[in-house]
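Trainee: One letter stands for each residue in the lines below.
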Amino acid sequence: MTSTAVPAAPAPAQKTSGRNTESDRLKAENRLGQKLVAPAIILMLIVTAFPMIRAIWLSIYDYSLTAPDEREIVGASNYITALSDPLFWKATGITVLYMVVTVAIELVIGFAFALVMHRVIFGRGIVRTSILIPYGIITVVSGFTWQFAFSYQNGFVNGWLPFIGDDFNWFGETTPAVIAICISEIWKTTPFMSLLLLAGLAQVSEDMIEAAKVDGATWWQRMWKVVIPNMRAAIMVAILFRALDAYRIFDNIFVMTNGAEDTQSISFLTYRQTIEQFQLGMGSALSVLLFLSVLLIAFLIIKLFRVDLAQARQEG
Amino acid sequence: MNPDGVDTFMKYADSCSTADYDIAVQQLPSSATDQRIQLARRLAAEDSSTDLMNLDPVFVAEFANAGWLAEVPEEKASEITSSVEGEGDYLAGAAETVVWDDKVFAIPLWANTQVLWYRKSLAEKAGLSEEDMQQVTWDQIIDAAAENGGTVGVQANLYEGYVVWINALIQGAGGAIVSDTEAGRDASIDLNSDAGRAAAEVVQKLAESDAAQPDLSVSNEGTVLGPMFAGPGEFMVNWTFVYKNYEGLIGAAGGPADKQAFEDLGWARYPATVEGEPSKPPIGGIDIGVGAYSEHPEFAMEAAECITSTQAQVDLALVNGLMPSTNAAYDEVANSGDYPEDLIELYRTSVDEGGPRPKSAFYAMISSAIQQTWHSPASVDPDSTPEESADYVGNVLRGEDLL
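Chains A and B are the protein sequences, given in the same order.
So for the first sequence, numbering that gives the first Met the number 0 puts the first residue at 0; every next one is plus one.
So for the second sequence, numbering that gives the first Met the number 0 puts the first residue at 0; every next one is plus one.
One or more of the hints may lead you astray.
[As the list claims (entries may be wrong)] Sample of chain B residues lacking proximity to chain A, with all beta carbon distances greater than 10 Å (derived):
| # | residue |
| --- | --- |
| 1 | 41 |
| 2 | 123 |
| 3 | 156 |
| 4 | 203 |
| 5 | 247 |
[As the list claims (entries may be wrong)] With a cut-off of at most 20 Å between alpha-carbon atoms, the simulated EDC-like pairs for lysine to aspartate or glutamate come out as follows:
| # | chain 1 | residue 1 | chain 2 | residue 2 |
| --- | --- | --- | --- | --- |
| 6 | B | 75 | B | 45 |
| 7 | B | 204 | A | 68 |
| 8 | B | 204 | B | 386 |
| 9 | B | 124 | B | 262 |
| 10 | B | 102 | B | 84 |
| 11 | B | 102 | B | 33 |
| 12 | A | 89 | B | 130 |
| 13 | B | 243 | B | 274 |
| 14 | B | 102 | A | 68 |
| 15 | B | 119 | B | 130 |
| 16 | B | 258 | B | 340 |
| 17 | A | 89 | B | 400 |
| 18 | B | 258 | B | 274 |
| 19 | A | 89 | B | 399 |
| 20 | B | 204 | B | 6 |
These are computed hints drawn from the structure, not numbers from a lab.
Note that this is a predicted model, so its numbers are computed, not measured.
Using N, Cα and C, we set each Cβ at its ideal position, and we do this for glycine too.
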């Protein structure tokens with residue numbers, strides 16, 4: 000970790016001048032480093048911190064763009080309204096559902112894809128490219144594609160599924176609509192999951208796997224006892240990234256249902272308040288709540304996996 | 000500008016440009032919601048490059064209240080306001096859309112309205128004569144379609160088009176969604192009324208009927224076009240573009256097989272919600288507004304008057320099927336012979352006697368709240384939906400409920 004950079008105890012007297020020189024050099028390097036990163040930090044503050052502070056500021060207002068004269072400070076009222084509204088919790092519930100379902104399925108399929116990409120001998124480039132193609136497609140485009148696929152008029156899904164009528168409307172009820180949205184999301188982002196897992200797989204020592212093989216471990220035993228435990232950090236990063244991404248799900252809902260049939264996520268609710276309704280105060284309050292939820296999810300996932308990210312980077 | 004009538008707009012952008020200025024055209028997205036958002040983003044940022052803009056009628060009150068629109072000069076404004084009283088050249092329904100707080104903030108260009116389109120053979124099979132069709136009710140067309148294998152096409156996706164239908168149903172029963180809208184957040188919510196219940200009964204009846212199209216809950220102006228010439232046909236409420244659309248599709252996929260099949264297309268006044276009560280056809284169209292942050296408002300206003308000239312309106316009608324907002328232009332279109340005379344007259348009466356959607360600085364909130372409580376059509380219950388909807392609209396306006 001950081002302990003390598005700082006001496007643990009005071010330096011002995013005879014070496015004072017040498018240590019001082021080293022310390023001065025370190026300080027000078029630090030100062031130079033700070034100067035070099037200062038422009039980036041200032042830029043980051045402008046583009047990241049300013050909008051966040053502005054959102055917090057706006058969230059204490061009752062402020063509609065179309066009625067600027069009626070703008071007034073209402074304190075925490077927007078937060079109270081949001082947190083006491085069933086719609087907020089319904090949107091939170093459905094967002095968590097999207098996140099859990101898609102990340103769980105993506106983890107399994109993504110791991111299978113990662114194994115294929117890792118072990119494939121012939122046509123490695125084609126296999127890897129084929130698996131990654133969906134991730135290269137813009138989410139809105141993928142949303143439209145799946146919307147057409149599920150359409151009863153010109154889609155193929157109803158024709159392929161024998162237990163579903165040809166005129167079944169997938170977007171007419173909550174459950175099928177959520178399934179359609181999840182399938183689109185899973186199709187689009189599983190490659191990302193498999194990429195991260197592939198990186199983790201590549202880090203697992205072949206020696207350990209060979210040793211397990213020599214000890215007579217079956218393929219499943221090697222997976223469960225050797226490969227997966229040694230990929231814990233990569234799995235955590237994959238789940239963390241995808242979970243945070245999935246919690247902000249927006250595009251597929253926007254394209255496929257426009258939030259109808261109780262399919263709207265928290266991001267969609269926030270978008271509607273701010274962009275569609277011009278309610279900057281309430282929209283900002285929802286943005287702040289969304290930000291806090293994302294922080295909470297990140298915290299919980301890191302706690303759950305008990306992975307020291309610095310160690311995972313081999314800095315310890 | 001919105002994507003309707005682009006070719007005619009390009010022509011007029013060219014011919015209305017002068018030695019002092021050139022009119023450059025930038026196209027807006029196709030849906031009204033997206034058009035509103037894009038214009039609002041620019042105007043909220045005080046963008047001076049937006050001199051002229053196409054405005055859906057329901058945007059005018061919102062944008063004017065936000066201070067984003069320049070007022071129309073006195074002479075033109077008085078012509079428009081007198082038309083609201085039926086004394087000017089503009090159709091009253093169209094003129095009404097550009098007035099907010101007793102001031103005029105845009106110039107009507109084309110005035111859209113909805114009529115009932117139907118297959119004459121389907122109506123005939125159901126025993127509805129041409130005379131019956133002129134004052135037909137929703138109940139009658141739903142029953143007629145259901146009993147004869149046809150359908151009724153409406154716009155019931157979770158979007159503005161659904162509110163157009165609900166508003167027309169409520170107004171057709173003598174009611175309104177809201178009134179006293181200039182009170183802003185304190186407007187009076189009139190949804191929980193006999194008219195609201197009558198409207199809900201129609202929505203419920205269609206949703207539960209065999210006449211409902213399978214994609215009713217996601218239907219829009221485009222999706223309802225298909226069933227007209229497939230099978231026994233349909234009754235459909237839709238805007239004026241339908242006639243030119245099917246005329247252009249004769250012999251093509253989704254259109255009438257031949258000219259004779261096209262002649263089976265009928266039209267009638269928007270169906271009545273309640274028997275004996277005149278229907279209130281929806282009003283749409285496009286108004287031309289001048290941005291409040293324009294650096295050259297006089298030039299922009301001059302260009303707006305040029306683009307809304309009688310000839311421009313006639314061209315939009317004849318080339319693009321977008322009906323005029325003035326009587327003078329209507330007369331020329333009627334004389335052109337491009338449209339059946341009775342259809343032209345039906346459009347004109349529909350705009351003149353139609354019902355606008357509520358004018359409010361908070362219209363987007365009202366509209367969205369209604370969409371949320373009335374969608375999907377299958378969930379509408381006359382005993383509870385109008386009441387729940389009224390409570391919700393009120394709470395949303397007061398900032399007590401999320402939307």
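Trainee: Of the hints given before, which are not true for this structure?
Mentor: 3, 6, 7, 11, 12, 13, 18 and 20
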